[in-house]
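Those sequence lines, one after another, are chains A and B.
If you read the first sequence in our numbering, its first letter stands for residue 1, the second for the next number, and so on.
If you read the second sequence in our numbering, its first letter stands for residue 265, the second for the next number, and so on.
If you're looking for bench data, these hints aren't it; they were derived computationally from the structure.
Computed from a prediction, not measured in an experiment: that's the story for all the values here.
It is possible that some hints are incorrect.
Partial pick of chain A residues on the chain B-facing surface, computed with a CB cut under 7 angstroms [said to hold, decoys possible]:
hint	residue
1	Val-146
2	Val-149
3	Asp-153
4	Glu-160
5	Ala-161
6	Glu-163
7	Gly-182
8	Met-184
9	Met-185
10	Ile-193
Far from chain B, by Cβ distances over 10 angstroms, these chain A residues were calculated [stated by the list, open to error]:
hint	residue
11	Leu-43
12	Glu-53
13	Glu-111
14	Val-209
15	Thr-212
16	Asn-232
17	Leu-245
Note that beta-carbon positions come from the ideal geometry of N, C-alpha and C, so glycine has one too.
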Amino acid sequence: MGKSIVITSGKGGVGKTTTTANLGMALAQRGARVALVDADIGLRNLDVLLGLENRIVYDLVDVVEGFCRLRQALIRDKRCENLFLLPAAQTRDKTAVSPDQMRALVAELKESFDVVLIDSPAGIEQGFQNAVAGADEAVVVTTPEVSAVRDADRIIGLLEAQEFHAPRLVINRIRPAMVSRGDMMDINDILEILAIDLVGVVPEDEHIVVSTNRGEPAVLQNSSLAGRAYRNIAARLMGEDVPFLDLQSANGGLLGRLRRIFGG
Amino acid sequence: MFSLLGGLRWRQAGSKDVARERLRVVLMHDRAGANPELLEQVRDALVQSLSPLVDMDRRGIQVDLRRQGQSLALVASIPVRGFKRGAGGRG
Numbered sequence: 001m002g003k004s005i006v007i008t009s010g011k012g013g014v015g016k017t018t019t020t021a022n023l024g025m026a027l028a029q030r031g032a033r034v035a036l037v038d039a040d041i042g043l044r045n046l047d048v049l050l051g052l053e054n055r056i057v058y059d060l061v062d063v064v065e066g067f068c069r070l071r072q073a074l075i076r077d078k079r080c081e082n083l084f085l086l087p088a089a090q091t092r093d094k095t096a097v098s099p100d101q102m103r104a105l106v107a108e109l110k111e112s113f114d115v116v117l118i119d120s121p122a123g124i125e126q127g128f129q130n131a132v133a134g135a136d137e138a139v140v141v142t143t144p145e146v147s148a149v150r151d152a153d154r155i156i157g158l159l160e161a162q163e164f165h166a167p168r169l170v171i172n173r174i175r176p177a178m179v180s181r182g183d184m185m186d187i188n189d190i191l192e193i194l195a196i197d198l199v200g201v202v203p204e205d206e207h208i209v210v211s212t213n214r215g216e217p218a219v220l221q222n223s224s225l226a227g228r229a230y231r232n233i234a235a236r237l238m239g240e241d242v243p244f245l246d247l248q249s250a251n252g253g254l255l256g257r258l259r260r261i262f263g264g
Numbered sequence: 265m266f267s268l269l270g271g272l273r274w275r276q277a278g279s280k281d282v283a284r285e286r287l288r289v290v291l292m293h294d295r296a297g298a299n300p301e302l303l304e305q306v307r308d309a310l311v312q313s314l315s316p317l318v319d320m321d322r323r324g325i326q327v328d329l330r331r332q333g334q335s336l337a338l339v340a341s342i343p344v345r346g347f348k349r350g351a352g353g354r355g
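Hey, can you work out the whole structure from these sequences and the hints?
What follows is the structure, encoded as structure tokens:
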């Protein structure tokens with residue numbers, strides 16, 4: 001019997017889908033049977049992040065409406081055989097599914113998967129309610145920006161009201177150079193404000209753009225620092241105690257600058 | 265206005281400190297707004313902690329969240345009938 005985790009944020013564009021795709025791939029690479037659920041009905045993107053967009057036959061709404069069985073809608077990743085995707089519908093909207101239906105769907109997935117990751121849409125309306133309905137745990141993604149942290153705070157309040165007692169935080173797109181200059185909030189600033197446990201910090205990384213272009217999650221690239229951060233988060237989600245990446249030394253210094261000039 | 269010294273000082277302010285302060289204030293407001301019972305709970309907490317010391321008119325107590333310049337302040341108005349025996353006696 002597996003566990004289900006919703007990846008949410010409030011704010012759009014902070015990296016929920018990127019986080020879901022990368023954590024899913026990383027967990028599957030560690031041997032877990034993983035199902036990814038795209039709960040962003042009407043604006044699906046998890047398929048694109050994974051490069052599986054051409055293999056969609058059925059989607060979540062088809063399953064919920066009884067048009068097909070769950071197994072028929074699940075798409076198996078060709079790179080990692082224990083990773084599956086349940087895509088969202090693109091031509092419907094959030095009202096096509098109810099929280100109760102999501103609860104039943106995720107419960108069914110938990111019977112045959114070790115981990116179910118649910119990619120939540122942005123916002124606090126029905127899309128969010130659908131996404132959290134089936135989840136045992138929650139991961140909140142934020143960036144070090146005022147609006148993202150504000151929205152994360154609201155989301156944490158809503159999660160706690162729905163009995164999620166220990167939501168965990170991912171700080172995404174941190175830029176160590178800007179933090180050093182005092183132009184970006186640092187990890188402690190954000191933790192003081194949001195006051196939930198930190199499960200990971202992911203640096204801004206050009207590899208993410210490339211990985212989305214290609215439909216290949218960054219965790220597959222050894223040279224991607226963001227990929228490494230995601231692999232560490234996956235390990236922590238499985239209970240491992242992994243030290244946080246030292247982003248300062250990875251970014252600074254003459255060597256770092258030379259590498260950037262010559263495209264390393 | 266943008267002398268070298270002025271420019272340096274502006275830089276040293278660090279926009280992240282401004283961001284953090286603004287967030288702190290905005291969130292106090294958001295959190296109070298999202299939880300209307302919060303002020304009630306503050307009122308009850310005040311009554312509980314002050315009643316051994318102060319004889320209050322509980323129904324007249326008002327608790328409010330107000331802007332004070334760039335920050336927020338919790339302001340309470342507590343009608344008092346007197347102080348209780350024993351209060352303030354300990355050294």
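Item checked: Earlier hints that do not hold, by number -> Violated hints: 4, 5 and 6; rest satisfied.
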